[in-house]
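Both chains are given apart, each in its own frame, so use the hints to dock them into the complex.
Respectively, the protein sequence lines represent chains Y and L. The first sequence maps to residues 1 to 339 in our numbering. The second sequence maps to residues 1 to 332 in our numbering.
Read the hints as simulated data drawn from the structure, not as lab findings. Note that CB positions come from ideal geometry on N, CA and C, so glycine has one too. A few of these clues could be false.
From the structure, some residues in chain L lie toward chain Y, with a derived Cβ separation under 10 Å [what the hints assert, rightly or not]:
1. 102
2. 119
3. 129
4. 130
5. 326
The chain contents come next:
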Amino acid sequence: MSTETLEAPVVETVKMNGLQAINAALSEAMEADPKVLVLGEDIADNEGGGVCGVTRGLSTKFGTSRVRSTPISEQAIMGAAIGVAMAGYKPVAEIMLMNFTTVAMDMIVNHAAKLRFMSGGQSQVPLVIRTMTGGGNQTAGQHADFYEAWFAHTAGIKVVIPWTPGDMKGLYLSAIQDPDPVIIIESVKTLFVPMDTPVNQGPIPLGKANVVVPGSDLTIVSYGQMMFTVMQAVEELAAAGVSVEVVDLRTISPWDKETVLASAEKTGRLLVVHEAGRNFGPGAEIAATAQEVLFGKLKAPVGRLGAPYCAVPFAKKLEDAYLVQPPEIVAEVKRLMAI
Amino acid sequence: MSETPTNRAIPDAATQVDIYRRMIRIERNDDLTRQQIRRGRITAPYYSARGQECIPSAISVLLNNDDKICTIYRGIHDMVAKDMPLRPLWAEICGRVDGTCKGKGGPMHLTHPETGVMVTTGIVGSSMPIANGFGWAALLDGTKQVTVAYFGDGASNIGAFHEALNLASVWKLPVIFVCQNNGFAEHTRYENGTSVDFIAKRAAGYGMPGYTVDGNDPLDVYAHAHAAIERARAGEGPTLLECKTFRFMGHVFGDNDAYMTKEEKAAAIEADPLPRFRQKLIDDGVASAEQLDELTAKIEAEVNDAIDYAVACEFPSDDELRRDVFAEEIPA
Ligand SMILES: Cc1ncc(C[n+]2csc(CCOP(=O)(O)OP(=O)(O)O)c2C)c(N)n1
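Next comes chain L alone, as it looks inside the complex (with noise of 0.2 Å):
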């Protein structure tokens, strides 16, 4: 949509088929995890992001282990790409001892710091705020790291948006701030609740870049994260990216998608960027039919694997609540 500042960065066939190998990655987790929640096999609340799939796939293959995440309740998708070894996530979405949360957080507050996972969190915005402290760490520190902050279109009308932006415009915070703009913010349309028609537009009030940008092209976004990260790294300070996707799954698991049209809905599956990709790929010819199969196959295969352990798993012990209160345990 609106060109980076610097040469547009073209990810090389291997990058193409590791931004696809995520997708998928995410694709298959989400399927599966919807229907074992259907089959009742596990029960959790679950914020899909199917069709958002491109956006964290096409930023995880820029960043580093230790570079950092904070996400959302709707961000399994930002985990997955980032490579979280999918069985404690399963365990934690079941709500297991073995889970990363040791299944005290659930699938709202997954935290898995060696994959970066450093916050998940079920307040709307307030992952923007805590990314800032990690920007903060990184220049403290004196190293390259950069932090990305996920949310949705909705969360850049709180306040902890405004706040967030403004500080770590002032004190140059290596911080990429992602807006994964689905158009809807619950059920409320993008614009009922949001005063400008692109988001991005809210970074000039900042002093910061702002870009809106196709978030199911995985190219599109690739060069816009680059450009954000190489900048963030060279100590110039963050950069707000809006990625225009869709939620195919509504709102919640179970949502009846009321308060949008169906042909709206329609158009959007019909531009699902995971299968458009997968054929630009085979096109283009970085990947064969065939691969592409066996890369889904074996990743079905992992996810499989992940839920089998999981649902394994036991449950936490009720001594779980009086540990991690606080560093030292609270007396039974």
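Isolated chain Y (complex conformation) (with noise of 0.2 Å):
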């Protein structure tokens, strides 16, 4: 077990959710620079702020010309971020909910991702697009899945899934100042928890994942909303004496290979839990690299946690089911340990 990661340097702390945590990192940011834009539906103070309330107070501060309300127009949306940004701005685009990038997928896919490559570096498309998903709120199908994997595909944009405030916050100012487009994914439930945030939370770099809590006879790797439920079964484990390593990845593509393989190693077992569908998931991706590199030094298979190949179901009973809850995350770990 590593001693630096138990003996952090002691911070002083705010507590604070979310939702505050990423309003403070896009005032800040606004403040810092006036390139900054922001733009969305309903995320102008009149027309409340955002439908969660993260973006309440920016229009009254900067102006509606740089916090602008857009009509329901996802691909309008896109293509005015793109353009924007490639003269020079840095956009923050509101997609309301993940399921809603579909219909802008041309701008985000095509046009975003590409333009650098396609123009030979010519083109910069410093864009951040914000959206929130996840499930356990019973909206069902249409309204809370998790598609990091088909933007970690696409060549030329990053793919963001912070869990704690702080991480949202400093996540988002990376974000903001990265010269390339960066989709930040918020699971709906950590928006409105509060947890201890570093005052004066500063930029934490894109591409790079945390150990959260240190162990020895496991690496768990997972991100967003499904970390709480990670932390639940690790408790029991700890409770039954399995040291379990966590590793929140934060940054989905790219994603932290050196500090993943690197705990897998140490730990000599690797599990992989998302809320995404677990086929053709970003665990898939996790696993073959970690077998591609680590064969023949893991002690078991790389194990892979995800949904179930369905929509996300309405009853609540089908969308706990549906969710990897904390018994799965233990059994699976029971079962890698072979105990």
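Now the structure itself:
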């Protein structure tokens, strides 16, 4: 067990939730850089400052020419964000929910992600796409999907899914200054849970995972609201004498191979847990990479837990069965440990 | 066809010759591109805009270098009219490292910010939402820059068109939406894919002026574009211009035109805007035949030089696969 991770420097913290953290990040970024813009449906204060209130107060502070409510036009939102970004601005464009990115897929995948490459480096699209999603709220098939694998599979766009409010603030600050398009997927549940957050949280680099809990028997890699589930399972496992190292991936693409593989090599076992479908999910990429690099060094095959191959269901009972639950994680860990 | 609301602007003699210069630049470039493909000297998918010359030519004389265009796969004429230098243009068509995009975009995805060519898209309808972003930037910057979004008649049936026009109107963006209506979307006849007899009518649905223009008459295009650009520069918002024209060479190079009648094609070619405008310039005493021939010869030499230059350029190295994906190079 590494002592550095245990003896982290004491930092002053304050309780805040994700909504407040993202609002603070946007506000700070807009204050510091007049090129930062925000656009999306209902995001200005006249329209309520966004469905969850993430952007509340920003249009009053910075004006509606920089914080613009848009019509319900996902392609138009992404197109305007791409053009204004190419013209030297740093737009943060909200697509209210992740399922609605499907309506703007051409703009995101064919244009935002590819214009730098197709122009031989002449075009820059420093754009942040904000979107929310997540199961557990009985919103069913068209309001709760995790599609990070779609975007991670597309060259030219970075994919971030933060868990803690502190990470949200830090990752937002980095994403806004990043010269390339970044999609930040907010797990709905994580927006409302207050957590200890360092005062004056600064930027957290994209592409860096966080070893949240050190351990020695097995590594669990997860991200987003699934981290809450993982943490519950890990507590139970600790009580049963299993020491799990927990890695919060934070950035899905490019993912932090170094940290994940080092941890898996150290513990000898790896389990990937995500809310997205298990089939062709990010876990497949991580497991395959671990197998390529650590073949012969692992004590068990890499495990993967994710959603079954169906749409997010409505009935609470089915939704619970759809989402990975702590007992499943405990059982899978025990299976990999052969106990 | 339809009248502009203000006094019709008429280009002076020098501007008329400049429109003609751009038209002939497009025509020579297009003709030689097809020749090079036929001879197997270059291999590229090519969407000829032969017949559509006068639209971007009459518009481009009204644009500055910092005015922007967002165009489509059938848009090389838009770039040539915007005076993109031909050497890098040809190098890009040939997939060479000295191309405008290092050979990574090709003829469907040229970019050349120096001449205002910001985006060339192969996705039908996608030029419009992005043009709005440049329009928004011009408002934020407080410049008088305008952005022209070029697209085809088929593109006006795509959601992106409708979303983009609505947003541009609500936000009063300095964007001119220019539909080059050549009567066909790939092989589909206009009336089999479009619900209105004139695309310009759709502007009314978005609270902006819309005009159907004779896209084969440079003076008509000029007058309408002049009014639209003035309107945009004055902060009054977007305009939709539907410029009626015809593409002589079918959808894509090698197309057999089976979906159109011989008669309609022959009639369209008969109405070729290029020789007609040339004759008009001579008849009006704006330029002499010798002057125009000289201009043509000069342009042809420029195109030939660009071709020779391009085929002599190197292909990009395989390392380019790791560059420009992100700002930072991807490690090997
Ligand atoms: C979204 C999308 N659908 C289909 C195609 C295939 N396609 C390429 S060109 C074309 C016809 C477009 O016609 P129009 O907009 O009238 O432009 P034109 O080619 O006549 O200039 C089609 C269907 C495409 N490129 N993009």
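Here's how the hints hold up against the structure:
1. The restraint placing residue 102 of chain L at the interface with chain Y holds, with a minimum CB-CB distance near 3 Å, inside the 10 Å limit.
2. Taken as an interface hint, residue 119 of chain L checks out: its beta carbon lies about 7 Å from the nearest beta carbon of chain Y, inside 10 Å.
3. At its closest, the beta carbon of residue 129 of chain L sits 2 Å from a beta carbon of chain Y; the interface hint therefore holds under the 10 Å criterion.
4. For residue 130 of chain L, the interface hint holds, since its Cβ comes within 10 Å of a Cβ in chain Y; the closest pair sits about 4 Å apart.
5. Interface restraint check: residue 326 of chain L against chain Y, minimum CB-CB distance 5 Å, threshold 10 Å, status holds.
Going down the numbered hints, you'll see the structure goes against none, and every one checks out.
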